[in-house]
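Going down the list, the sequences are from chains B and C. Residue numbers in the first sequence follow the numbering used here, run continuously in steps of one, and reach 119 at the last position. Residue numbers in the second sequence follow the numbering used here, run continuously in steps of one, and reach 580 at the last position.
Think of the hints as simulated: they come from the structure by calculation, not from any bench. No experiment lies behind these values; they were computed from the predicted model shown. A hint or two may mislead.
Selected chain C positions facing chain B (in silico; Cβ < 10 Å) [claimed, not checked]: (1) LEU550; (2) GLN554; (3) GLY556; (4) THR559; (5) ALA563.
Ideal placement from N, C-alpha and C gives every residue a C-beta, glycine not left out.
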Amino acid sequence: MTLSMPSILLVGIFSLFGVGLYGLLAVRNLIKVIVALQVVVKAVLLALVLAGNLRGQVPLAQSLGLTVLVADTVVAVIGLALAVQVRRCLGTLDLHALASLRR
Amino acid sequence: MASTLILLTIGLPWAGAVLVWLDGNRRPRLQNTLAVTFSLAAGAAALALIAFPSSQTSFRLPVGGIFGDFTFLADGLGILLAVIATGIGSLAVIFSIDYMRGEAELGRYYSLILFFIGAMAGLVLTSSLLLMFIFWEITALCSYALISFHNDDPKAVRGGIKALIITQVGGLGLLGGALLAFSSLGSYEISELLKNAHTLPQAALAWMAFGFLAAAAAKSAQFPFHTWLPDAMEAPSPVSALIHAATMVNAGVYLLARFYPAFEGVPGWKTAVVLVGVVSALMAAVMALFADDLKRLLAYSTVSQLGYMVYAIGVGGIFASQFHLLSHAVFKALLFLAAGAVIHAAGTRALGEMGGLGSAMPRVRIVFITGALALAGIPVLNGFWSKELILENGLEHGPVWGYTLMLLTAGLTAAYIFRGVWMVFYGSRRNTHPLHDAQPAMQVALWPLAVASVLTGLLSGPLGKLFAATLPFHDLEALTTRAILIDILEAPATWLATGVVVMGLAAWWFRKELAPVFRFFLWLGSPARNSFGFEDFNRAVVRSTQAVADLLRHTQTGYLTMNVAGILIGLVIILAILAWGG
């Protein structure tokens, strides 16, 4: 099996996605969760650009990618702002402490 | 031209709604003026549409993708209901000037009513199933918000939520049917569905037919979804007259009439429609006989009369059902507005606390009795012509049991409405609340409706012609007014039914002499007051929903990692299904 450029990229994208997903599932610190989420979204972004390249629709993929990038930045900022508030209210960034909001 | 008028009919009330809202309750007089002006203008636009009937799409708004095109069309059915919605809407708004004087938050009241009028016109003038569903839900939303208008009253809030949930359950049937039509025809266009119904797979068509029947029953408060309408009577009286008597509850009947050509061949559908109509009409008439609240009595009567229209569609009498829809919209709006004037004066809705109000409110008495005579089906009033036409259709094309029960209902109708008239206007006074006759704006709304209750029977010919010319898929023939009226007068069924109506009146008149007979039927009273167990059923549904929700609460752990795991598992399942299925 010859390793073409796209398949190498695809392996990279899936590894990145897996790293992010592992972070989402395993990490308990809220800041780290936001970082993990960013990693997941970046993997998807790369997949988008790759798909555009393969289908010959580079401009479309680029514009979509930029849109995702902007939206994703907003998500990160709001997530971090929430993290600050969580720290203020609960005194910790532990995710399990957030479960106390349920009651 | 037609497309401009359609846009005006829908757009003017909505523009008015925004303007009234923008005033922010600072100038009630300005709000009154704006609401009346815009509703009257919409009424004028709808009336002008009568000159431009067409069976072709007037204009389309390409939305694209799975939403299809949003199309509008002014055919006979649509024009009739648009005129009723905007015309009676205008009168209800005029009536509100006096009825709602001094209320806080007039802006919210008027904008919701105007928003409703526009949505109702849109619902009947669109020819796209998806857009129809959207308008359908907007009217439900307005109805909910107006029932709960006095939102500091827990009963009003409860009634509103009940109406919203029950009509929503039926609305799912409409949405499902619309999506099914799109998936099999590739279009939301109603005419496409009517034209190609016979090419669809039987199963899909049956699902659509019964889904639409459920939607219609929920919207028109028919069995088994009838329980929301009596509780909706917490709304201010003009709202009850407009939404819960003259327009929104007709949407279900409209839906059945509109799609009748597509579904008449579905096995069992017509029988189901007849059954729904007969059971609703009879059961609601019995409940009205035992009602002790003026507005609830009228609400049961609305359910019963809508049952007549549904029954008419089940036996194939599309024209008869729409003719009765017109008559009913006029006389029931009249009855509700007159009841509003009574309630405004007497300060109560309980029939037991009224009595002897006639001498203090002679004008209201005259119009109320006019409406009552029309409802009972006394000759020359509009209710007589349309009800007899329905019964004639039922005798010719429907099952005998259906006809017999509807005949019995006609007698009960006369009995319950005259019991109501007697308890409100005659007998001795039972409270000392200072009374006043209808105020000027109320009279402006009441008199045209009273005159129309006498005269709209004469519209049968032009209405039939309009229908026959613009509804290519309905098998209708155009007769002149004269021919229709003479046909009704010469049918033996008419005089049989009139005899039953007179017997119903006599039963109330000689109630003292007949007391031993009535005592035999008193056992019906207690189940009728408890709506024959349907309220218990509703409560059981609510309780079991809450119990299930309490159980499912435990799956919400509040741990983010669990939620992410849940999303992942869901994704895997979906991918597995896709891989397996396709």
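Verification of the supplied hints:
The beta carbon of C:LEU550 is not positioned within 10 Å of any beta carbon in chain B (closest approach about 13 Å), and the interface hint is therefore violated. Evaluation of the C:GLN554 hint against chain B yields a held restraint, the C-beta minimum of about 7 Å falling below 10 Å. For the restraint placing C:GLY556 at the interface with chain B, the shortest Cβ-Cβ distance is roughly 3 Å, inside the 10 Å limit, so the hint holds. For C:THR559, the interface hint holds, the least distance from its beta-carbon to any beta-carbon of chain B being 5 Å, beneath 10 Å.
Interface restraint check for C:ALA563: the shortest CB-CB distance to chain B comes to about 6 Å, inside 10 Å, so the restraint holds.
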